[in-house]
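Visitor: Listed below, chain by chain, are the residues.
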Amino acid sequence: MSRPRLVDRKEEKSSLGSLPAELLIRMHDLMVKARVLEERLIQMYKSGHGYFWIGGPGEEAFNVPLGLLMKKGQGPAYDYLHAHYRQSATLLALGESPIGALRQMKNTATDPYSGGRNFAGHFSKREWNIAPVSSPIEVQYAIAPGTALAQKRFGGDGITIVTGGDAGTAEGDFASCLIWSSRPGNELPILIIVTNNQWGISTAAATQHGEKHISDRGRAFNIRSRTIDGNDPVTSYLELKEAMEYVRKERKPFLLEAMVSRLYGHSSASGANFVGDEPDCIKSFEERLEAEGVLTRAEMDALRKKYTEEIAEMARQVRDEPQPDGASIYDHIYWEKK
Amino acid sequence: MSRPRLVDRKEEKSSLGSLPAELLIRMHDLMVKARVLEERLIQMYKSGHGYFWIGGPGEEAFNVPLGLLMKKGQGPAYDYLHAHYRQSATLLALGESPIGALRQMKNTATDPYSGGRNFAGHFSKREWNIAPVSSPIEVQYAIAPGTALAQKRFGGDGITIVTGGDAGTAEGDFASCLIWSSRPGNELPILIIVTNNQWGISTAAATQHGEKHISDRGRAFNIRSRTIDGNDPVTSYLELKEAMEYVRKERKPFLLEAMVSRLYGHSSASGANFVGDEPDCIKSFEERLEAEGVLTRAEMDALRKKYTEEIAEMARQVRDEPQPDGASIYDHIYWEKK
Amino acid sequence: MANMAQAIRMALHYAEENLGLTDVFGEDVGPPLGGVFTCTQGIQSAWNSPLDERGIIGMAIGLALAGQKPCAEIQFCDYIYNTIDLLKIAGNTCWSSNGDWNVPMIVRTPVGSGIRGSIYHSHSFDATATHIPGWKIVMPSTPLDAYGLLLAAVLEDNPVMYLEPKALLRIKGEELIPGEPADDKMLSKMIDAPLGERSKWKPQWPALEKYVVPIGKAKLVREGLHVTVVSWGRTLPLAAKAAKALAENEGIEAEVIDLRTLWPYDWEMVSASIEKTGKVLYVNEDTEVTNFGEHLIRRTIEDHFYKLLAPPRLLAGKFVPGIGLADNLEMASVPQLKDITDAIRALAAEQP
Amino acid sequence: MANMAQAIRMALHYAEENLGLTDVFGEDVGPPLGGVFTCTQGIQSAWNSPLDERGIIGMAIGLALAGQKPCAEIQFCDYIYNTIDLLKIAGNTCWSSNGDWNVPMIVRTPVGSGIRGSIYHSHSFDATATHIPGWKIVMPSTPLDAYGLLLAAVLEDNPVMYLEPKALLRIKGEELIPGEPADDKMLSKMIDAPLGERSKWKPQWPALEKYVVPIGKAKLVREGLHVTVVSWGRTLPLAAKAAKALAENEGIEAEVIDLRTLWPYDWEMVSASIEKTGKVLYVNEDTEVTNFGEHLIRRTIEDHFYKLLAPPRLLAGKFVPGIGLADNLEMASVPQLKDITDAIRALAAEQP
Ligand SMILES: Cc1ncc(C[n+]2csc(CCOP(=O)(O)OP(=O)(O)O)c2C)c(N)n1
Ligand SMILES: Cc1ncc(C[n+]2csc(CCOP(=O)(O)OP(=O)(O)O)c2C)c(N)n1
Ligand SMILES: [Mg+2]
Ligand SMILES: [Mg+2]
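Protein chains in written order, with the numbering used here: chain A, 1 to 338; chain B, 1 to 338; chain C, 1 to 352; chain D, 1 to 352.
Some hints here could point you the wrong way.
Said to hold, decoys possible - With a cut-off of at most 25 Å between alpha-carbon atoms, the simulated PhoX-like pairs for lysine-lysine come out as follows:
no., chain 1, residue 1, chain 2, residue 2
1, B, LYS212, A, LYS252
2, C, LYS202, C, LYS219
3, D, LYS318, A, LYS337
4, B, LYS305, B, LYS283
5, D, LYS307, C, LYS307
6, D, LYS217, B, LYS337
7, B, LYS241, B, LYS283
8, C, LYS338, C, LYS219
9, B, LYS337, C, LYS318
10, D, LYS172, C, LYS217
11, B, LYS152, A, LYS212
12, C, LYS276, D, LYS307
13, B, LYS212, A, LYS212
14, C, LYS217, C, LYS172
As the list claims (entries may be wrong) - Cβ pair distances, simulated, as ranges:
no., chain 1, residue 1, chain 2, residue 2, range
15, C, GLN204, B, THR296, 53 to 59 Å
16, A, LYS71, B, LYS212, 30 to 36 Å
17, B, LEU23, C, GLN204, 54 to 60 Å
18, D, LEU220, B, GLY48, 54 to 60 Å
19, D, GLY67, C, PRO194, 49 to 55 Å
20, A, GLU242, B, LYS249, 42 to 48 Å
21, A, LYS337, D, GLY196, 51 to 57 Å
22, D, GLY196, B, PRO184, 24 to 30 Å
23, D, SER188, A, GLY73, 25 to 31 Å
24, A, THR207, C, PRO194, 54 to 60 Å
Said to hold, decoys possible - Just a sample of chain B residues kept apart from chain D, beta carbon distances all over 12 Å, derived:
no., residue
25, MET44
26, HIS49
27, ALA109
28, GLU171
29, ARG262
30, ASP277
31, GLU292
32, LEU303
33, MET314
If you are wondering where the hints come from, they were derived from the structure by calculation, not from laboratory data.
Keep in mind the model is a prediction, meaning the values are calculated, not measured.
All C-beta atoms, glycine included, are put in the ideal place defined by N, C-alpha and C.
Could you put together the complete structure from these sequences and hints?
Guide: So, in structure tokens, the structure goes:
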């Protein structure tokens with residue numbers, strides 16, 4: 001895989017100055033919060049407080065702006081998110097408390113996303129149009145056009161957002177998404193995102209993918225397509241904003257590929273250790289924030305400490321929460337009218 | 001769908017003179033033979049000598065050269081064909097007798113392709129590397145990379161050819177074929193063909209496909225790709241030859257989209273009547289052959305008459321052949337060593 | 001009387017007008033064709049999709065998540081087998097999200113043999129469908145039930161698999177659908193699209209009424225004392241016919257139950273009948289290994305073993321890779337009238 | 001002794017060296033990982049594929065058609081459900097072409113619960129696989145059988161589904177694989193890839209010998225007179241353990257059969273045992289509706305009804321949409337030691 005092509009913003013780093021300091025600080029805050037959460041989840045796994053970890057450290061620079069830019073609410077007037085399992089940062093940026101993720105890690109009955117049934121990172125929140133994350137790779141790309149069609153019909157500016165990894169684009173569902181999103185006269189308001197970390201578990205993208213950029217696959221369908229540096233939160237914010245505005249207004253699809261890192265490997269199955277040889281979006285962002293005088297090192301250290309403590313406290317709380325009952329397996333097989 | 005883009009040979013009709021008269025006559029002969037066969041199959045269906053017809057009238061100008069250019073034989077040194085259900089002309093061009101198709105139409109025990117089990121047009125001939133045609137649309141695109149990989153490994157110049165319709169490219173298997181054929185360092189010797197008749201049963205391609213040309217989908221994978229006029233046998237021959245030479249030599253994939261006609265509608269389910277408003281490749285080829293003095297009208301009429309009689313005679317023969325026994329349903333569930 | 005294809009069409013019309021059905025879609029479902037079996041002709045909300053079954057099921061799930069009420073069609077159930085993972089997702093979404101989301105979608109698909117459909121237009125889907133949790137699965141054998149079950153499906157909050165026995169789609173019913181005109185020629189003029197050019201055609205719908213066949217309720221088709229026959233779909237009318245002839249000619253009184261809903265099924269009715277007869281034959285045309293009828297046999301054994309007068313029997317499709325095109329092959333592969341008659345007779349005669 | 005993952009690895013090695021196995025492939029099957037359960041570490045012909053199960057099965061079919069001998073892996077059987085149509089094609093190609101082509105391919109895939117795999121790493125595939133004609137289906141419960149069945153699979157001319165009970169992959173065997181060194185530490189040093197950097201690592205294979213467990217032969221794991229227990233995969237060792245304890249503590253003598261091949265299965269052995277005991281319990285962990293054990297019950301009823309001393313029983317997974325992550329959920333969803341013990345005890349005690 002070649003390096004990301006920064007279509008408009010060329011090779012130079014995006015300038016922090018293109019965003020207000022307040023927003024930069026907010027993004028940084030959320031990125032740190034998300035990282036601390038994921039590191040806590042890993043620690044829980046390592047100390048036996050969960051069976052499996054998978055999550056998004058290394059994708060914060062992209063996932064935080066995504067959450068900030070989403071139109072949050074329930075129903076077709078608002079944005080739908082069909083996420084994959086690396087998007088805690090998006091959820092936090094939307095305003096979710098980290099405790100839900102901790103509960104799911106510990107598979108407690110209180111887990112708000114699955115009641116202790118599903119793995120970490122498998123969010124679901126109907127109240128905010130967060131469709132349930134399911135483990136099979138790429139199925140969300142087959143499903144997302146459905147919410148987008150409902151929105152096309154509804155009008156307004158609500159859009160559908162679907163995300164997944166690079167390796168998964170080899171599944172036919174990714175192609176289905178492109179096809180169903182670009183039917184002539186029935187183009188859908190859908191932002192099709194690929195977070196490309198250049199790995200599928202142990203398999204390097206370069207060994208399996210003949211595409212220079214995954215986003216090139218959109219071109220045959222006349223879908224506006226772009227590959228960006230997802231490790232830069234400023235680029236991510238600006239590119240997402242532009243793409244989302246296009247989708248909201250034109251009611252047409254946009255394919256956005258974000259180059260990101262996978263900072264703790266694939267999952268707990270591969271050890272969940274810090275990899276060290278991939279760009280760390282928080283580290284580089286913090287260097288820039290410090291260099292440009294937006295935040296001091298001390299402020300940033302304090303922030304991380306604050307979140308570490310807060311989330312550690314939540315983890316302690318979760319530890320004592322009850323596990324679901326065996327008999328509860330029969331609950332919710334069918335819908336219970338509310 | 002826009003008109004075919006004749007990449008190299010622009011808008012002008014390909015010249016008959018670019019091929020020797022002998023070859024033109026041979027192609028014409030086979031095209032007529034194939035058309036007469038299909039029309040006989042339709043007639044058999046209409047007079048109750050078969051339950052279902054589907055086939056290739058309107059694709060002869062492309063399918064005949066394909067058969068002529070194939071390297072016929074068994075095993076990886078020869079070409080594999082993963083066909084769909086409109087390719088009688090390819091089989092005839094390879095040297096197959098029409099009687100097999102008639103037998104399959106009449107579902108006799110003598111049907112060489114399925115012993116009376118499968119629909120018309122569902123060829124299978126291991127001796128010539130013709131993989132069994134199966135009804136589910138597009139699965140051949142998932143399977144074909146397998147024979148191509150065996151050939152890559154084997155060396156030589158045998159290639160894999162896979163064909164299917166335009167509507168079917170919406171299935172994920174078409175995308176899978178592009179991906180598996182273009183793995184970096186493992187590119188496969190495969191000629192990926194789409195015969196685009198701009199319809200899927202009753203559904204116009206223009207209503208479902210945002211692609212200008214289906215062949216554009218190859219570009220993202222750096223697959224050499226082209227759309228040609230499949231109604232012109234000279235163009236088809238030359239383009240196929242070029243594409244096949246590339247695949248044979250370079251051992252890399254090529255995506256070829258041929259614009260063709262569907263002269264009797266989708267199948268017997270839609271009536272199997274002549275449609276009249278689509279280009280008829282035999283008619284236009286015959287006009288050119290006559291104009292350029294390659295064949296006279298009388299010769300061509302005689303040829304058609306000859307095939308009509310020969311094939312009618314075969315149909316009469318087939319009429320009296322036995323049906324398979326009920327008890328035979330248990331035969332060949334598993335392989336019987338030969 | 002309407003045939004089953006017309007009944008389905010009328011139900012879709014009633015549902016889009018009155019029950020909030022929003023999308024009827026799939027390959028060739030919209031104009032001009034209105035479905036390969038004409039089931040969706042004249043439906044306002046019918047539209048053609050790309051040729052992509054995974055896309056179709058995915059679209060239905062997405063629409064349902066967004067509050068729409070979609071009814072997707074898979075043109076033949078033979079082509080649904082690349083979507084089983086998505087069907088499983090539709091069936092597990094409510095459970096996996098611990099009751100947060102539901103997926104109120106319908107999948108309609110023609111099943112079974114009877115039209116010389118060869119290997120890929122003859123499949124049954126009973127076994128595979130009933131092995132997927134979270135769905136409700138129905139299969140009418142009469143036009144009136146087709147109408148009533150489809151209305152029930154539209155009113156459901158959960159995914160419903162609506163299986164259409166293709167051999168019965170063109171068979172006229174014996175009961176009027178509420179609102180249907182008594183004269184079928186008139187009905188045909190009103191709601192069947194003309195052959196050929198039809199771009200300006202519009203159906204004239206009769207004043208249909210609401211008629212719901214509750215999901216989960218079987219139908220007692222014929223009363224009898226000697227043996228219980230449980231069937232559904234194409235084989236049900238054959239079972240009824242066999243039972244009638246056996247009663248008239250041989251004094252064998254078979255009780256015939258149309259299961260209608262495969263899941264959750266009406267065990268109460270089946271069980272009561274077995275209680276009475278002590279003998280049960282399950283008939284369906286799916287292949288016989290890991291067959292849904294085998295589940296019903298297990299259930300029978302669990303609840304009735306010590307009172308049975310003979311082993312519960314299964315008559316189903318042969319375990320072969322396909323249904324061959326030639327007559328002899330199809331006849332030998334799936335239960336025919338004679339097979340069913342023989343099986344009932346043998347079971348009735350069976351003595352420990 | 002080797003564990004099952006090592007046994008599979010050794011079988012693949014033996015087969016690529018001696019039996020013409022050409023391709024071992026799938027997601028993360030090649031270097032550096034050698035499979036998520038290490039089953040393909042050090043295999044010469046192992047290679048990584050794109051993340052595309054349909055492409056994997058399609059590739060295997062194509063390779064088999066071209067005279068290769070592929071062994072494809074689906075990383076978890078939970079992810080095989082979008083390929084059922086292709087599996088059906090692999091199973092029907094010989095029949096559809098009237099014996100013209102065969103498809104000698106293997107699909108290996110881990111199945112079942114036992115590692116807290118939550119909804120999508122706990123599926124069983126018995127029911128779905130046994131409903132597809134044209135395949136042979138095996139499922140070892142010991143490393144030695146894993147070795148012998150995999151060699152048999154490579155020698156087969158037809159598609160073979162090789163199901164790996166994931167809970168047993170890391171369990172050491174009690175019998176030596178022919179050629180395996182007696183010391184497992186030594187074995188591990190020879191054939192387990194080191195953690196971390198391993199790009200230069202090469203396995204040192206022991207001098208393995210040919211050992212074939214014929215497809216279609218079950219194994220009598222324990223003799224007994226009171227009740228027959230038929231199981232396979234994860235639940236088999238539990239059944240054996242339960243039987244042992246019941247014999248030692250309660251005088252209940254259960255005969256335990258490891259079916260090993262699900263299709264075509266060894267009815268001769270099962271039938272003879274039922275003949276002897278008059279009571280049979282089928283245990284598996286797939287969901288219990290339209291379950292392969294229900295087929296075996298039907299078969300039992302057909303052949304043994306009048307001589308049975310109690311109804312044949314099924315103990316299987318609960319019919320819920322998934323296996324939940326939390327301990328309590330997994331334990332409540334699929335048979336555990338206690339459930340099996342209770343079921344054997346109850347059946348042994350059952351009196352008409
Ligand atoms: C259909 C399916 N196949 C296989 C898996 C096992 N699996 C889980 S994650 C993964 C790799 C995904 O790679 P990518 O799409 O690039 O996403 P990433 O994890 O890198 O973010 C695989 C193969 C799965 N979950 N679903
Ligand atoms: C998987 C699958 N879905 C649906 C069908 C039913 N069907 C048969 S042919 C056809 C249209 C195919 O159109 P296209 O791919 O363009 O090929 P053409 O018939 O036009 O040559 C459809 C939908 C099928 N055979 N297989
Ligand atoms: Mg990745
Ligand atoms: Mg077409």
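Visitor: Does each hint hold? Answer for all of them.
Guide: Do the hints match the structure? See the list:
no., hint, verdict
1, B/LYS212 <-> A/LYS252, "holds, 17 Å"
2, C/LYS202 <-> C/LYS219, "violated, 35 Å"
3, D/LYS318 <-> A/LYS337, "holds, 24 Å"
4, B/LYS305 <-> B/LYS283, "holds, 16 Å"
5, D/LYS307 <-> C/LYS307, "holds, 15 Å"
6, D/LYS217 <-> B/LYS337, "holds, 21 Å"
7, B/LYS241 <-> B/LYS283, "holds, 23 Å"
8, C/LYS338 <-> C/LYS219, "holds, 23 Å"
9, B/LYS337 <-> C/LYS318, "holds, 24 Å"
10, D/LYS172 <-> C/LYS217, "violated, 51 Å"
11, B/LYS152 <-> A/LYS212, "holds, 23 Å"
12, C/LYS276 <-> D/LYS307, "holds, 23 Å"
13, B/LYS212 <-> A/LYS212, "holds, 21 Å"
14, C/LYS217 <-> C/LYS172, "holds, 22 Å"
15, C/GLN204 <-> B/THR296: 53 to 59 Å, "holds, 57 Å"
16, A/LYS71 <-> B/LYS212: 30 to 36 Å, "holds, 33 Å"
17, B/LEU23 <-> C/GLN204: 54 to 60 Å, "holds, 59 Å"
18, D/LEU220 <-> B/GLY48: 54 to 60 Å, "holds, 57 Å"
19, D/GLY67 <-> C/PRO194: 49 to 55 Å, "holds, 54 Å"
20, A/GLU242 <-> B/LYS249: 42 to 48 Å, "holds, 45 Å"
21, A/LYS337 <-> D/GLY196: 51 to 57 Å, "holds, 54 Å"
22, D/GLY196 <-> B/PRO184: 24 to 30 Å, "holds, 26 Å"
23, D/SER188 <-> A/GLY73: 25 to 31 Å, "violated, 56 Å"
24, A/THR207 <-> C/PRO194: 54 to 60 Å, "holds, 57 Å"
25, MET44, "holds, 20 Å"
26, HIS49, "holds, 20 Å"
27, ALA109, "violated, 9 Å"
28, GLU171, "violated, 9 Å"
29, ARG262, "holds, 25 Å"
30, ASP277, "holds, 35 Å"
31, GLU292, "holds, 42 Å"
32, LEU303, "holds, 32 Å"
33, MET314, "holds, 20 Å"
Checked against the numbered hints above, the structure breaks hints 2, 10, 23, 27 and 28 and satisfies the rest.
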